[in-house]
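So you can see what is in the structure, the chains are spelled out below.
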Amino acid sequence: MSLASYAVIGLLLITATIMGTTLLLVGRFVRPSRPTPAKLQPYESGVPDVNPPRARFTPRFYLVALLFVIFDVEAIFLYPWAVAFDALALYGYVQAALFVGLLLVGLLYEWKKGALEWV
Amino acid sequence: MSELTTAHFLFLSAALFIIGMVGVLTRRNVLIIFMCVELMLNAVNVTFIGFAWEQNALTGQIFALFVIAVAAAEAVIGLGIVMALSRRLDTVDIDEVRQLRE
Amino acid sequence: MAIEVLIFYLLAGVAIAAAAGVVLARNPVHSAVSLVLSFINVAAIYVVLRAEFLAVAQIIVYTGAIIVLVLFVLMLVQQQDLPEFHGGRPLRRAVGFLLGLALLAEVAAAILTRSLRGAPGSWTPEAVAAVGGNIQAIGRELYSAYMLPIQATALLLLAATIGALFLARPELVEERLAVARRLFTISLAHPRGVDTLQPVAELPAPQDGQLKPAGGDRSLVMARTAEEFTEQPAWGESRR
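Residue numbers (this note's numbering), protein chains in the order written: chain W, 879 to 997; chain F, 111 to 212; chain E, 10 to 249.
Among the clues, some could well be false.
What the hints assert, rightly or not - Here chain W is said to cover these stretches of chain E; the calculated rule only asks that three of the stretch's residues, wherever they fall, bring their Cβ under 8 Å from a Cβ of chain W:
1) 59-69
2) 72-79
3) 150-160
4) 165-171
Stated by the list, open to error - Here are the in silico distance ranges between beta carbons for each label pair:
5) E/VAL104 - W/ALA960: 48 to 54 Å
6) F/GLU113 - E/ARG123: 16 to 22 Å
7) W/ALA967 - E/GLN160: 17 to 23 Å
8) W/ALA885 - E/ARG123: 32 to 38 Å
9) F/THR116 - W/LYS990: 48 to 54 Å
As the list claims (entries may be wrong) - Not everything, but these chain E residues come out facing chain W in the computed CB check (under 7 Å):
10) LEU19
11) GLN145
12) ILE147
13) LEU174
14) ALA177
To be clear, the hints were calculated from the coordinates, so they are not data collected in a lab.
Beta carbons: idealized from backbone N, C-alpha and C, even for Gly.
Can you make the complete structure from the sequences, with help from the hints?
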């Protein structure tokens, strides 16, 4: 049964879960908790926030995240090819080259459009 | 029921799919609806991999891989639309978006 | 073999509970975290079903990339607009749950009364182990019999790249000004560009709507109303 080889990971996960919950629960019950209205304000001696905290970071990061998802999937597809490279020979190589080539078109398009530049 | 059978993961898949479907039908936040659609795609993957496990075939696993790729493309475009929506209309409520309907 | 079933029940229970949490949570961030929990449990079920590569792909793509993107968008869109699930629209909620129950009954009937038969494939656990594991087997199968789907996937990803660039392009100046008009309060008493306090009478006469203070090269914006003020090329924009 190959599942037995994952017993160590399972044990690790169970230990981590028990540790985390135990520590949080112990902290919850041991720490003193005496909240007052002044303590619960976000800034003790500042002006309360009136604007929506909307633009906390620039949408530039968002574009990078979008492109990251695309290339993440590309990496997932290339991984089995790299592992089975010996068995696949030229046919697999041509396929992978076509696959990467098509995505390279996308990368060049991004480059041309200036999406990779940090404005 | 001492052995893992096809029915086990078919029920798991059905449960996940139906929870996702109920979420799509009842929630109004576009982002939650999007997450529920991902849940439904994931449920379909469970079925594919379960049948691949039962039939000793890799076809189901490979199809699940393609489903993951499609889900990623859908995520990119769907969230791009959500962003454009919230930028133009200032809302992510699905009931507020009715420009195409009227 | 009973331990396998036990593990399956544990993982499936947590996955279903977390999926229910996605639908029921009030805070969308809690929904996203529940979704991560559900996905990780499903990935563990993939390991039970001898699909190790898919388990890793699931964690990398779903929890590593897609959920991060969802959380990104959650942070970027306006939070106080997020509508509540609880309260209002009981009819739609009831219809949703009823439809879900009906579909569950239907699927249960189909699972319990029918059985799928087909010729078993050639990739038995021994055959997979002989070629060197699940990833080897997937690589051999994927890149020998699925030429067209792979290239179609590449085209799909290419289309998604172009679509993402189109949707996430920096918005036009007019759009940004419209957002700025909604979000910022404008004080007409203190127009931008006036560095030192000086009486209005000493200002030079405006030339085509603009004039420059002596201290710098920033242009002083002259406006009578708030509408006119926001039409001016302000906030670092230069009208193109």
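Hint check results:
no.	hint	result
1	59-69	holds (count 4)
2	72-79	holds (count 5)
3	150-160	holds (count 6)
4	165-171	holds (count 5)
5	E/VAL104 - W/ALA960: 48 to 54 Å	49 Å, holds
6	F/GLU113 - E/ARG123: 16 to 22 Å	19 Å, holds
7	W/ALA967 - E/GLN160: 17 to 23 Å	18 Å, holds
8	W/ALA885 - E/ARG123: 32 to 38 Å	36 Å, holds
9	F/THR116 - W/LYS990: 48 to 54 Å	50 Å, holds
10	LEU19	10 Å, violated
11	GLN145	5 Å, holds
12	ILE147	5 Å, holds
13	LEU174	5 Å, holds
14	ALA177	5 Å, holds
Violated hint: 10 only; the structure is consistent with all others.
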